[in-house]
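The chain contents come next:
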Amino acid sequence: MNISVKHISKSFKKIKAINDISFEVKEGELFGLIGPDGAGKTTLFRILTTLLIADEGVASIANFDVVNDYKKIRNNVGYMPGRFSLYQDLTVEENLSFFATIFGTTIHENYELIKDIYTQIEPFKNRRAGKLSGGMKQKLALCCALIHKPKVLFLDEPTTGVDPVSRKEFWEMLKRLQQKGITILVSTPYMDEAELCDRIALIQHGKILQIDTPQEIVKHYPKKIYNISSDNMHQLIENLKSYEHYYSVYPFGEFVHYTDKRDNFTLQELQQYLESKNHQNIIIKITKPTIEDTFMELAK
Amino acid sequence: MKNESVIVVENLTKIFGSFTAVNAISFEVKKGEIFGFLGANGAGKTTAMKMLIGIGKPTSGNAKVANLDIYKNTENIKKNIGYMSQKFALYDDLTVKENITFFGGIYGLSRIQIKEKTVSLIEELGLQDIENELVGSLPLGWKQKIAFSTALLHNPKIVFLDEPTSGVDPITRRQFWEMIYKTADKGTTIFVTTHYMDEAEYCDRVSIMVNGKIEAIDTPKNLKKLFQVNNMNDVFLKLARG
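So the sequence lines, in the order shown, correspond to chains F and H.
Mapping of the first sequence onto this note's numbering: residues 1 to 300, in sequence order.
Mapping of the second sequence onto this note's numbering: residues 1001 to 1242, in sequence order.
In short, the hints are calculated from the structure, not lab data.
Given the structure is predicted, the values throughout are model-derived calculations rather than measurements.
Idealized CB from N, CA, C, for every residue including glycine.
Among the hints, a few may not be true.
[As the list claims (entries may be wrong)] Partial pick of chain F residues on the chain H-facing surface, computed with a CB cut under 10 angstroms: (1) MET1; (2) GLU109; (3) SER133; (4) PRO164; (5) LYS168; (6) HIS234; (7) GLN235.
[Claimed, not checked] In silico lysine to aspartate or glutamate, DMTMM-like type, Cα no more than 20 angstroms apart, as pairs: (8) F/LYS241 <-> H/GLU1124; (9) H/LYS1224 <-> F/ASP192; (10) H/LYS1145 <-> H/GLU1163; (11) F/LYS13 <-> F/ASP55; (12) F/LYS285 <-> F/ASP231; (13) F/LYS219 <-> F/ASP231; (14) F/LYS6 <-> F/GLU56; (15) H/LYS1030 <-> F/ASP231; (16) F/LYS288 <-> H/GLU1163; (17) F/LYS168 <-> H/ASP1198; (18) H/LYS1182 <-> F/GLU56; (19) F/LYS241 <-> H/GLU1178.
Assemble the whole structure, with the sequences as input and the hints as a guide.
Structure follows, in structure tokens:
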């Protein structure tokens, strides 16, 4: 196991940020921690990167204990925190050689690993980091986290605040790094990114709701979900919520995701109910559950 | 009623030196519509929105917001709109009640109106137990709901929302969109700027800005059909990557 977490808990004053979390990440795996702001993702990252000590439990990275072997871990992991934390008044190149020097290496020595990413920001290598665009900052931060050739890479919300084009490019970079044998633990509040991971842990209020592959997680959704739409979204939600057989009703883009308490019912019955409430252009069709549906069902 | 336009933009342009941030954009938004204003980082969204809310002067072009001219009536525009952003919404070191009172004052409500609004808002959101708690101690989801309600205190014709639900947990996000639908159904226009495409899926219509220009404007459904993809994220990628 490349990352092993057993019964880790951490509190800040009255708030239990991490509540008895356990999971394992295999060598070469791309593992996602999926959860909203305040779920405990950053606290967990800080514990695993030896920046914070847990109240309870044990954890190891590449077989090194996060408390006793913290120096060895620091040489073997790369960490990209959620907040941009490079030196704003150093240039791109200066930042990179600074991090290389700290780890006793050179840009040249491990250039192969960062080449793909670094060539995209190389034209700006004399620009100060503070003057880079969001997408470029993110690429520089990733280069700095990789410069000492870590075995395990920790990425805390790398795509937050990034537009869809840069987001897609970033995930393509992660896949290439994974192919080079690096184990990756990445966190994100975006459920659509969960599908890009090998396995995921859904996390909320410091607790893990479920761990599995994205495909298995949606398979376990207990109900049939229907996409429903009509001309008046607000009334549609209100009416569905006062329908006696409703189990859950959530707006979901242009549709409402509806589940029914009953295992068997006719769609005609539901259609008639909505017609009786004066809805026009009613569409009801079955749809597949998403990671987000599963998350909501588990978090209920 | 739905055919009345509350935002009319014609060839709106903003040039900074040699850089054209907003390049002759034109569009209309109807009363009660939920309109998504989308674009990548640096596409010109913020510059365009600043002109619409009366805090940025256009280089050329015309626009009316709530029937008010954006060159001549900027102060009146501010009285007719609400604004809420993910980054700044409420004061963390004021209580829930104090925030409502404060924003009521900013929006020019009378003392009596503020009192009445505070009571009804606290009741509607079920905040009785936490009305005297500091906003900073509340979960993000609650802050977002309170912020949205305070942006509506003065019954504005249009509410501008800047990335309203990014980072919020999925259930709270749904509750938030239910509030938006309800508000729109009462006739208030909702103008959402975001680069999160899952927020775009909820809008009645969206426009997508690329390099200062509006490259597409339609319902999410029609855009998905047009680009033959399943979600707005892929629509965006096709447009922005060419």
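Hint check:
1. MET1: Since chain H brings no Cβ nearer than about 29 angstroms to F/MET1, farther than 10 angstroms, the hint is violated.
2. GLU109: Status violated, d = 33 angstroms.
3. SER133: holds, 7 angstroms
4. PRO164: holds, 5 angstroms
5. LYS168: Since the shortest Cβ distance to chain H is 6 angstroms, the answer is holds.
6. HIS234: With Cβ-Cβ at 4 angstroms, under 10 angstroms, it holds.
7. GLN235: Constraint on F/GLN235 satisfied, holds at 7 angstroms.
8. F/LYS241 <-> H/GLU1124: holds, 18 angstroms
9. H/LYS1224 <-> F/ASP192: Roughly 17 angstroms separates the two Cα atoms, so the pair holds.
10. H/LYS1145 <-> H/GLU1163: holds, 13 angstroms
11. F/LYS13 <-> F/ASP55: Satisfied, since the Cα-Cα distance of roughly 12 angstroms is no more than 20 angstroms.
12. F/LYS285 <-> F/ASP231: holds, 16 angstroms
13. F/LYS219 <-> F/ASP231: Distance ~31 angstroms between F/LYS219 and F/ASP231 Cα, so the pair is violated.
14. F/LYS6 <-> F/GLU56: Given pair F/LYS6, F/GLU56 holds - Cα atoms ~9 angstroms apart, limit 20 angstroms.
15. H/LYS1030 <-> F/ASP231: Roughly 16 angstroms between the alpha carbons, so the hint for H/LYS1030 and F/ASP231 holds.
16. F/LYS288 <-> H/GLU1163: Roughly 27 angstroms separates the two Cα atoms, so the pair is violated.
17. F/LYS168 <-> H/ASP1198: Answer holds: F/LYS168 to H/ASP1198 is near 15 angstroms, not above 20 angstroms.
18. H/LYS1182 <-> F/GLU56: violated, 46 angstroms
19. F/LYS241 <-> H/GLU1178: holds, 12 angstroms
Checked against the numbered hints given earlier, the structure breaks hints 1, 2, 13, 16, 18 and satisfies all the rest.
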